[in-house]
Amino acid sequence: MSRRVVVTGIGWITPLGHDIESTWQRVLNGESGVAPTTIFDAKTFPTTFSAEVKNFDLRKFLSADEYEHHKTVSRQAGFAMAAAKIAWGNAGLDKVGNIDKTRAGIYLGGGEGPLDFQNFAKAAIEGWDYDAKVLDTKRWAEVAGACLKEVTEAEQDPNMAAGHISNLFGLEGPSFNTLTACAASTQAIGEATHMIRYGDADVMISGGCHSMIHPLGVTGFNLLTALSNRNDSPTTASRPFDRTRDGFVLGEGAGMLILEELSHAQKRGAKILAEIVGYGSTADAFRITDIHEDARGGIAAMKMAIEDAGVALTDIHYISAHGTGTAENDKIETKAIRGVFGDHAPNVPISSVKSMMGHLIAAAGACELITCILAIRDQVLPPTMNYENPDPLCDLDYIPNEKRPATVKTCLSNSFGFGGQNDTLVIKAFD
Amino acid sequence: MNKKRVVITGLGVASSVGLGIDETFDALVEKKCGVRRVEAFDPSAFQSQIAGEIVELNVKDFIFKKYNKHARVMARDIELAVAAAYNAIKDAGLKSKCLVDRGEAEAVDIDSTRFGANIGAGLICADLSELAEALGTAAENPAEKGNRRFSLGKWGEAMTNLTPLWLLKFLPNMLACHVTIVHDCQAPSNTITCGEASSHLAIGEAFRTIQRGAADLCICGGAESKVNPMAMIRPELWHRVATNRNHDPARACRPFDADRSGMVVGEGGGLLILEEYEHAKARGARIYGEVCGFGASQNNSSWFRPQPDGRALRLASEKAMADAGVTSDEIDLVNPFGVGTKEHDAGEAAAIRSLFGNRTNEVPVLATKGAIGNNGAGSGAIDIAVVVKAMERGVAPPSLNTDKIDPDCGINVIQNDPIDLRAKTALTFAGAMSGGQTGALVIRRMES
Chain A
1 MSRRVVVTGI GWITPLGHDI ESTWQRVLNG ESGVAPTTIF DAKTFPTTFS AEVKNFDLRK
61 FLSADEYEHH KTVSRQAGFA MAAAKIAWGN AGLDKVGNID KTRAGIYLGG GEGPLDFQNF
121 AKAAIEGWDY DAKVLDTKRW AEVAGACLKE VTEAEQDPNM AAGHISNLFG LEGPSFNTLT
181 ACAASTQAIG EATHMIRYGD ADVMISGGCH SMIHPLGVTG FNLLTALSNR NDSPTTASRP
241 FDRTRDGFVL GEGAGMLILE ELSHAQKRGA KILAEIVGYG STADAFRITD IHEDARGGIA
301 AMKMAIEDAG VALTDIHYIS AHGTGTAEND KIETKAIRGV FGDHAPNVPI SSVKSMMGHL
361 IAAAGACELI TCILAIRDQV LPPTMNYENP DPLCDLDYIP NEKRPATVKT CLSNSFGFGG
421 QNDTLVIKAF D
Chain B
1 MNKKRVVITG LGVASSVGLG IDETFDALVE KKCGVRRVEA FDPSAFQSQI AGEIVELNVK
61 DFIFKKYNKH ARVMARDIEL AVAAAYNAIK DAGLKSKCLV DRGEAEAVDI DSTRFGANIG
121 AGLICADLSE LAEALGTAAE NPAEKGNRRF SLGKWGEAMT NLTPLWLLKF LPNMLACHVT
181 IVHDCQAPSN TITCGEASSH LAIGEAFRTI QRGAADLCIC GGAESKVNPM AMIRPELWHR
241 VATNRNHDPA RACRPFDADR SGMVVGEGGG LLILEEYEHA KARGARIYGE VCGFGASQNN
301 SSWFRPQPDG RALRLASEKA MADAGVTSDE IDLVNPFGVG TKEHDAGEAA AIRSLFGNRT
361 NEVPVLATKG AIGNNGAGSG AIDIAVVVKA MERGVAPPSL NTDKIDPDCG INVIQNDPID
421 LRAKTALTFA GAMSGGQTGA LVIRRMES
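Line by line, the protein sequences are chains A and B.
Each residue of the first sequence is one higher than the last, beginning at 1 in our numbering.
Each residue of the second sequence is one higher than the last, beginning at 1 in our numbering.
Since the hints were derived computationally from the structure, they do not count as laboratory data.
Relax, there's no trap hidden among the hints.
Computed cross-link-like contacts, DSS-like style, restricted to lysine-lysine with a CA-CA straight-line distance of at most 25 Å:
id, chain 1, residue 1, chain 2, residue 2
1, B, Lys32, B, Lys342
2, A, Lys43, B, Lys154
3, B, Lys145, A, Lys138
4, A, Lys133, B, Lys145
5, B, Lys154, A, Lys133
6, A, Lys71, A, Lys54
7, B, Lys3, A, Lys303
8, A, Lys267, A, Lys95
9, B, Lys281, B, Lys4
10, B, Lys90, B, Lys281
11, A, Lys149, B, Lys145
12, B, Lys95, B, Lys66
13, B, Lys281, B, Lys3
14, B, Lys97, B, Lys69
15, B, Lys342, A, Lys149
16, B, Lys404, B, Lys32
17, B, Lys4, A, Lys303
18, A, Lys149, A, Lys71
19, A, Lys303, A, Lys331
20, B, Lys95, B, Lys69
Put together the whole structure using the sequences plus the hints.
In structure tokens form, the structure reads like this:
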């Protein structure tokens, strides 16, 4: 008999808010979390705006003792701790003392912590020998050794958020961090689901966290020309599936879910929010920069997840698209959905909440899965904002500009990462 | 659940003592050491100036001609993974796309939709020379050495001195990205980033993927280079490195030795071919051994220091043994991480003592870091390849520099000379030095 995996808690920290309900209302209202970048001075960058998490204070989420113990966390690990704390409380786990902590684990798609850029840049330019055009590593080490800080460096490792969270809740179950770029947290949730199904754990905190809104993060994406340059109109810059889309908008945040084996959840009387029924993961194995033109990896991931879920195509009521707003992604994702759903594709409502939240990179998939859970709860689908100009290459129903009441029982959520990583989850109302 | 059996049919290694599992294993048995003064850059201002460095590695030996242009966007970590991948495929007798394109095989004999990848990676360091040159063009006052100021305002323009694909050199999942393209692996793929535990966790997850039938083959393990100014200065800041033997590199890393003083960084990659048992039998593959159990846990007392009692390592090991259906009485070889710091080795030794009780002195402990240093995410898979080879050959290499076993550790580390080994079942474990994730695997030799 196979073990079923349900969601019993959710929490997020996003550019649109720090709690579940008000953020969800903003998503349904089509509000934008995008604005000029304030984390660093981006005035001369090709892209000067982003979707920042505003007014975040970890102290509001932790007790004074907990905060004191964890205050060295990097920006994205702080988001992760806050989101995990919300989810843990939402699941009612703060009120049960007796779960077996050796069977409670964590599986995150956690990003690397922001580089200590000022000091990093200082050491780099002091070490650069302008005449010989080489890095003088002796000089570099002297400067770097004096200005880089023990704790700041340590907190940059991508698996540190998981370390902090397990410490916060005393977890000793399996602990993993994956970093498959934009697909990471979808992948984390899928793999965590399998760990519970197999019996490696009964409870898993799973999701992702990331903040690449720092000088080198934005540099990397600007060099790839992946970001929107609509500097004169940040709130309309993220326009998935619109013909005039010109790139994604970089966001930051964290999304966390409590996954639990069904009987474990029932025994403690937990409120069940949804059931994770399907997961698919594939590699494009095509090119380092481009998605396979026939969308073969995306098609295979969706098919694998749908087969795992054992649901009919016509039972899928909503697709939370990866929908980044780059010319390439949206065109090929549309092709992939057509490849899987065939003639039924135009009947399936699709939207991308990245049009409001921006692209949370490693955290995107988890936050988008949370919107699916809320869509099932409230029987309403979130819109794709800024959709004004139909693109003949994107010819499906993207729920343009306004939320839509609907019967929603089963949702599919896609995440596709740089490097050809494709992951899909299928989530269902619990019955 | 109808679980499939999972066997090991290929071992691929790139280490500072050899490019290939046999070269690496022979060197370990011959007590060769890959730790030397760093050659890649001038290390004279570093507290530790030595590393397990791979001096000669040409990545083009491990890819096909049409792919050579992509070598430009491979960070060192990616090169190591690509080298280990080629070696693993060859060792497994598989004919991948790469081998066909290289003219080393007639036709591909792998169903790419059933061939997955799970590759552990570290926090890949940017190429500092490349980045420093670009950042240097955004200095406000380059002439004022010692007081140069970086200008973000100039950087918006100056960043274009970097190659457009710059970011793609350093994303951790680019190891798996390149390997899956080069060998055409389209089944489930993942990248585990859990420091020194990455290989164990990646192999464990690949094991589960094949067990549940989602793939027939999986290339899994990890790779990392810590021979980079940034990767060398970080553990210095954390007081984890041996600083007292720069004059005698080959003696510097001393796992479980009474006189150990810290770790030595290194670089390397290890990738295994895991295969569903019937699939391996059907193609007449050489089967080294079987992955029988996997367990994972987490140090919940600290994200930065090891537990003195090695609790999470013990928990992961117990879970792996339970998963394999064996007790510690059946384990006849143990492979800890053995990085060579006082506190990490002490914690691992405590875990071993608590697992084996009064058998502790009977169970040989195989440790490799004295010869190759800490290869981060790549270390675990190199170790596991060595363990598998040791069981196949019936001989286990000694731990270099474990001259006098620390009485406080009190475990039976293989010292001085290789030993005859009649091990059937091995336990291997590792924990992330930062982050605290732990993984353990039980591996059984295949009876012929």
